[in-house]
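Visitor: Residue numbers for the sequence shown follow our numbering, beginning at 12 and rising by one.
Careful, some of the hints might be misleading.
Now the in silico label distances, taken between C-beta atoms and shown as ranges [as the list claims (entries may be wrong)]:
(1) Gly126 with Trp65: 21 to 31 Å
(2) Val137 with Val69: 39 to 49 Å
(3) Leu157 with Leu89: 30 to 40 Å
No lab work stands behind these hints, which were simulated from the structure alone. Computed from a prediction, not measured in an experiment: that's the story for all the values here. The beta-carbon is built from N, C-alpha and C at its ideal position, and this holds for glycine as well.
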Amino acid sequence: MGAERKRPRQQEKKTLNRSFGLLVLLGVVLVLAGLVGLVYAGVATLTSMFLFGWLLLVGGVIGLVHAVQSRGSSYFWLAVIVAAVNLAAGFVILRRPEASAEALTMFAALLFLTGGVFRLAGSLVVRGSNFGLALVQGAFGILLGLLILAGWPGNSLYVIGTFFSLALLFDGLSLIVVGLGARRVLGMVSDDRGPQAGPDAADTAKRSPMDQEQSHI
Numbered sequence: 012m013g014a015e016r017k018r019p020r021q022q023e024k025k026t027l028n029r030s031f032g033l034l035v036l037l038g039v040v041l042v043l044a045g046l047v048g049l050v051y052a053g054v055a056t057l058t059s060m061f062l063f064g065w066l067l068l069v070g071g072v073i074g075l076v077h078a079v080q081s082r083g084s085s086y087f088w089l090a091v092i093v094a095a096v097n098l099a100a101g102f103v104i105l106r107r108p109e110a111s112a113e114a115l116t117m118f119a120a121l122l123f124l125t126g127g128v129f130r131l132a133g134s135l136v137v138r139g140s141n142f143g144l145a146l147v148q149g150a151f152g153i154l155l156g157l158l159i160l161a162g163w164p165g166n167s168l169y170v171i172g173t174f175f176s177l178a179l180l181f182d183g184l185s186l187i188v189v190g191l192g193a194r195r196v197l198g199m200v201s202d203d204r205g206p207q208a209g210p211d212a213a214d215t216a217k218r219s220p221m222d223q224e225q226s227h228i
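Make the full structure from the sequences, and use the hints.
Guide: Next up, the structure:
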C-alpha cells in the first residue's frame with residue numbers, strides 16, 4: 012500500500028523536475044540571445060522591428076477576421092479601424108525598419124523624459140516613505156531620455172536593440188533563478204513523508220476495546 016502511494020508521488024516529482032529543468036533551459040536560451048543582442052545591437056534592432064511588424068500584421072488580420080464575424084454588432088467599424096491601423100503600421104515597419112526604429116527611439120526618449128519628470132515632481136510633492144528611491148528613479152529617467160535625444164537619430168540603430176536584448180537577458184536570468192530554486196525546493200521534499208503510526212499507536216490498535224476502557228478508568 013505504501014509502495015503504491017509512493018510510486019505516483021515519485022512520478023509527479025519527476026514530471027515537476029523535468030518541467031523546471033525546461034524552464035531553466037529556456038532561461039539559458041534567453042540569456043544567450045540577450046548577450047548576442049548586446050554585442051550585435053544593430054542586428055537586434057532590425058530583428059525587433061521585423062518581429063514587431065509581423066506581430067502587427069498578424070494582429071491586424073486576426074482583428075479584421077473577428078470584425079467580419081461580428082459585423083452585426085455595434086463595435087464593427089471600430090474593430091475594422093483598429094485592424095486597418097495595425098495592418099498599415101505593420102506594413103510600414105516591414106517596408107522601412109530603419110525609419111520605424113528612429114520613430115520608436117524618439118517615442119522611447121520622450122517616454123523616459125516625461126515619466127522621469129512626473130516621477131520627480133511627484134516625489135518632491137508627496138515626500139512619502141520611498142522619497143529617495145522615487146527621486147533617483149525620476150532623475151535617472153530624465154537623464155536617460157536626454158541622452159537618447161542628444162544622440163538621435165544616429166543612435167536609433169542600437170537603442171531599441173539594446174533595450175530588447177536587456178529585456179531578454181533579465182527575463183532569462185529570472186527564469187533560471189525560479190527554475191533552479193524550484194528544483195532545489197523539490198529536491199528537499201522527501202518521498203517517504205506520510206502519515207506514519209508510532210509504536211504507541213500500533214500497541215493501542217492491537218489492544219482490545221475492553222483493555223482500552225480499563226485503561227481509561
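Visitor: None of the hints should be skipped; say for each whether it holds.
Guide: Hint check results:
no. : hint                          : result
1   : Gly126 with Trp65: 21 to 31 Å : holds (28 Å)
2   : Val137 with Val69: 39 to 49 Å : holds (42 Å)
3   : Leu157 with Leu89: 30 to 40 Å : holds (38 Å)
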